[in-house]
Structure formats: structure tokens, C-alpha cells
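Chemist: Next come the chains, spelled out residue by residue.
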Amino acid sequence: DAKTTQPPSMDCAEGRAANLPCNHSTISGNEYVYWYRQIHSQGPQYIIHGLKNNETNEMASLIITEDRKSSTLILPHATLRDTAVYYCIVRVGPNTPLVFGKGTRLSVIA
Amino acid sequence: GAVVSQHPSWVICKSGTSVKIECRSLDFQATTMFWYRQFPKQSLMLMATSNEGSKATYEQGVEKDKFLINHASLTLSTLTVTSAHPEDSSFYICSARRGHSEAFFGQGTRLTVV
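For the protein sequence lines, the chains are A and B, in the order given. Going by the numbering used here, the first sequence opens with residue 190, and the numbers climb by one from there. Going by the numbering used here, the second sequence opens with residue 4, and the numbers climb by one from there.
Any given hint could be a false lead.
Unchecked claim - Quick list of simulated restraints, FRET-style, between CB atoms:
1) A:Glu255 x B:Thr85: 34 to 40 Å
2) B:Gly56 x A:Arg270: 37 to 43 Å
3) B:Pro11 x A:Ile298: 44 to 50 Å
4) A:Ser198 x B:His10: 41 to 47 Å
5) A:Thr254 x B:Ser18: 32 to 38 Å
6) B:Leu79 x A:His229: 36 to 42 Å
7) A:Asn242 x B:Lys44: 44 to 50 Å
8) B:Gly102 x A:Ser217: 19 to 25 Å
As the list claims (entries may be wrong) - Computed footprint of chain B on chain A, listed as stretches where at least three residues anywhere in the stretch have a Cβ under 8 Å from a Cβ of chain B:
9) 194-208
10) 226-235
Claimed, not checked - The calculated DSSO-like cross-link candidates involving lysine-lysine, where the alpha carbons are at most 30 Å apart (straight line), are:
11) B:Lys17 x B:Lys44
12) A:Lys192 x B:Lys17
13) A:Lys258 x B:Lys67
14) B:Lys23 x B:Lys44
15) A:Lys258 x B:Lys17
16) B:Lys67 x B:Lys23
17) B:Lys17 x B:Lys69
18) B:Lys44 x B:Lys67
19) A:Lys192 x B:Lys44
20) A:Lys258 x A:Lys192
21) B:Lys23 x B:Lys58
22) B:Lys58 x A:Lys192
23) A:Lys192 x A:Lys241
24) B:Lys58 x B:Lys17
25) A:Lys291 x A:Lys258
26) B:Lys69 x B:Lys44
27) B:Lys23 x A:Lys258
28) B:Lys17 x B:Lys67
29) A:Lys192 x A:Lys291
30) B:Lys17 x A:Lys241
31) A:Lys258 x B:Lys69
32) B:Lys69 x B:Lys58
Calculated from the structure, these hints are not laboratory results. All residues carry an ideal CB built from backbone N, CA and C; glycine is no exception.
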């Protein structure tokens, strides 16, 4: 079973920041937070991951709370092509399989 | 990022026949490959994990005699759906990993059994 809780859907205006929350209150000390997204009828795409520090890459920023029980994925300037289902996954590391929950369906609106 | 390619992208087959789906890592050697299945409006479900040269490890509830997985080389894994039935119609997705690096996903194969 997935160990994360995400809202089923969110809307975001094009050009604005999209903030996607994720609760992982039972996360263990050695588990990372990973984010993937799946555009309709495509395979998932890796976005970002982190352990306890905030992370940023060319796609997004990941903010993890100090107690690590929740996190937020931030897409700074959402575009229509960011419309997808976003999955928040906790796992020990790349050697463990990805267990996908239901994710958040983000709709970016023009 | 690394490129993982699946073939075919979509396939329609008759009930009772077998279908083979290929997953190739195009620019790296994949020591581990994963196969997932996704039904409409549902999330991805892991079916099996395969390491090159070894037998695949299947998740609980996945019939290994029905879903044959072969990972004979470091760049190719195949999933064969044997004696396909309409309930096997689904979106099948593979992912490939090199060593301890992150896994990359193929574009998926949509199987329709009629």
C-alpha cells in the first residue's frame, strides 16, 4: 500500500506556481521522498527527490517539513504541458521498487 | 536522462493468442527492469522485477505462467502475455535501472484483447 496521502485533484492557472502537497506521516528515517508525474498515456517521469533538505532542480522544488511528515512539490511557473498526475512516493532508495498511490491530477488552465 | 523504449506502443490481439512486449534501454545497460500494469483511471501496479540473467520476481497475485518475463541481456527485457483474455487489456509500462541509479520509464504499451 502507498504510504502517502495526496489530494485527488488540483487546478492551477498557467504561469502561476503550482504547489502540490503530500502527507507521509509514517515515513522512516531512512526513507526518501520521490516525486514522479505521468502525462496522459505516457510512462512516468522522474521529477525530484529528497531526504530532509529542500531540493531544487530545473523542473521543480521540493520542500520537506522539519519533522518530515509532509512535503510540497513546487512547479514555479506552471504551463499547460505540466498537466499530469503527480505521484509522491516514499522509499528507502533506488534499489526498492516504486509503489504508486493515486496521486494528484493537476490541471493547468490557460 | 536515460532513454527507455517500449515496442509496440499499442497492440490489438485476439483472445487466446500471445503478445510480446519489448523494453529496451537505449543508452545504458540496465541491470534491473520492472514491469507495471495500469488499468484505466487507476495507478500503476508493479507486476514483477527482473535482473539480467536471473528469473523474474513476481508480485503477489501476478501469474508467472501467464506473464512471462525474460531479461536475457543488459539492454532488453520482454513481457509475454500468454493466452490473452479481454481482462488482460491494460497499459503495460516498463522501467529500467542501471546499478543503483534511478529508474527510467518507457512510454508504455496499450494492449487491447478482443
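Chemist: Given the hint that lysine 44 (chain B) pairs with lysine 67 (chain B), test it: the Cα-Cα distance must not exceed 30 Å.
Modeler: Roughly 25 Å separates the two Cα atoms, so the pair holds.
Chemist: Between the alpha carbons of lysine 258 (chain A) and lysine 67 (chain B), is the straight-line distance 30 Å or under?
Modeler: violated, 37 Å
Chemist: Quick one, are lysine 69 (chain B) and lysine 58 (chain B) close enough, alpha carbons at most 30 Å?
Modeler: holds, 15 Å
Chemist: Does the hinted range 44 to 50 Å hold for proline 11 (chain B) and isoleucine 298 (chain A) at CB?
Modeler: violated, 34 Å
Chemist: Is lysine 17 (chain B) close enough to lysine 44 (chain B), meaning Cα to Cα at most 30 Å?
Modeler: holds, 24 Å
Chemist: Compare the distance between the alpha carbons of lysine 192 (chain A) and lysine 241 (chain A) with 30 Å, and conclude whether the hinted pair is satisfied.
Modeler: Roughly 17 Å between the alpha carbons, so the hint for lysine 192 (chain A) and lysine 241 (chain A) holds.
Chemist: Is lysine 58 (chain B) close enough to lysine 17 (chain B), meaning Cα to Cα at most 30 Å?
Modeler: holds, 28 Å
Chemist: Lysine 23 (chain B) and lysine 58 (chain B): Cα distance at most 30 Å?
Modeler: holds, 17 Å
Chemist: Can the restraint linking lysine 17 (chain B) and lysine 69 (chain B) be considered satisfied, given a maximum Cα separation of 30 Å?
Modeler: It holds: about 16 Å lies between the C-alpha atoms, which stays within 30 Å.
Chemist: Taken at face value, is the distance from the CA of lysine 241 (chain A) to the CA of lysine 17 (chain B) at most 30 Å?
Modeler: violated, 50 Å
Chemist: Within 19 to 25 Å: is that where the Cβ-Cβ distance between glycine 102 (chain B) and serine 217 (chain A) falls?
Modeler: holds, 24 Å
Chemist: Against the 30 Å threshold, does the CA-CA distance of lysine 258 (chain A) and lysine 192 (chain A) hold or violate the hint?
Modeler: The hint holds at about 11 Å.
In this structure, the hints that do not hold are numbers 1, 3, 4, 5, 6, 7, 9, 12, 13, 15, 27, 30, 31, in rising order.
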